[in-house]
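Protein chains: 2
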Amino acid sequence: MRLGHRPERDKRITTHVGLVARAFGAEEMLLSGRDAKLEESLADATGRWGGSFHLKTDISWKREAVAWKESGGKVVHLTMYGSNLPDVIEEIRGCENILVVVGAEKVPAEMYNLADWNVAVGNQPHSEVAALAVFLDRLFLGEELHLNFSGGLKIVPSSRGKRVLYPEYRNEKEE
Amino acid sequence: MRLGHRPERDKRITTHVGLVARAFGAEEMLLSGRDAKLEESLADATGRWGGSFHLKTDISWKREAVAWKESGGKVVHLTMYGSNLPDVIEEIRGCENILVVVGAEKVPAEMYNLADWNVAVGNQPHSEVAALAVFLDRLFLGEELHLNFSGGLKIVPSSRGKRVLYPEYRNEKEE
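First to last, the sequence lines map onto chains G and P. Each residue of the first sequence is one higher than the one before, starting from 41 at the first, in our numbering. Each residue of the second sequence is one higher than the one before, starting from 41 at the first, in our numbering.
Read the hints as simulated data drawn from the structure, not as lab findings. Please read all numbers here as calculations on a predicted model, not as lab measurements. Among these hints, one or two may not hold up.
Which copy is meant is left open, because identical chains are indistinguishable; a pair holds if it fits in one copy or across any two.
[Stated by the list, open to error] Here are the simulated DSBU-like pairs of lysine-lysine, each with C-alpha atoms no more than 30 Å apart in a straight line:
1) K202 <-> K51
2) K146 <-> K202
3) K96 <-> K114
4) K102 <-> K202
5) K109 <-> K202
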């Protein structure tokens, strides 16, 4: 869940948040507000690269967080002021349904209280994109780098150049 | 080293790249081109939060990469087409001086050839900010989250709210 998205200023950062969420194993992105450009970018990535990542826009962050908790899920808010990631990740990994919250500039104080964990990916200012990626990488123990996204293009990892498999044609293209 | 920065479009993404580089233990950022806003943001972060991170602008990426290699350093280019991170990180960790390269949209084919390693942080499209963070997190085995940045504000990790130590006054402020 991305809080405080301002279309003009945050368009590309929020797009990166969404792409990271998808690539690192999240099922869905929740966004307060709407942004046609962002919706297009994420739909395009899922269309070309596969899988079934969803974007839900125009949400009320508070209603979503409260409903999530009421249905038994846990809420993790990423903030540089929170508990150190290594100190809490094992406990968090034990939970079934996790809603990860990243903010933009100002996050309401209420979010800190609603969260089951406020988690710091380091105590230095950096990036919600980076915080989300490192959090998910630790949560999934690196397994997310080997996820299979059905129906999409496939990259063949290679030490030089670009090798891509097109699933429909099963031929291989090299650049 | 950040390639292909376009001030209008990439300002915030490149700023996040720089902040991540600093927070995750890099010593310096190299940027082709200039961007007053970015220089200000990074100088401000280092001024408030400590340490001695540098930004070098207006570089020629090719000249820098070649000079780096000639002086015995290694070049790692992060790209979704590269070798899988887990397969190469131990070998990379054995090197002394590492230049990490992240691109914007189009990276010249020459970069793939100049790099000692082309490394994929997953084979899905996501974000150079995320790729850099996860790469450095794996490179430094998570130790970078406990770095001490001398002379700056210090956060006291806490499960709720914000606790900050001001080094000049040694008093603690709570929000």
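Comparing the hints with the structure gives:
{"no.": "1", "hint": "K202 <-> K51", "verdict": "both (28 Å within a copy, 27 Å between copies)"}
{"no.": "2", "hint": "K146 <-> K202", "verdict": "between (40 Å within a copy, 13 Å between copies)"}
{"no.": "3", "hint": "K96 <-> K114", "verdict": "within (19 Å within a copy, 43 Å between copies)"}
{"no.": "4", "hint": "K102 <-> K202", "verdict": "between (43 Å within a copy, 20 Å between copies)"}
{"no.": "5", "hint": "K109 <-> K202", "verdict": "between (44 Å within a copy, 23 Å between copies)"}
In terms of the numbered hints stated before, the structure departs from none.
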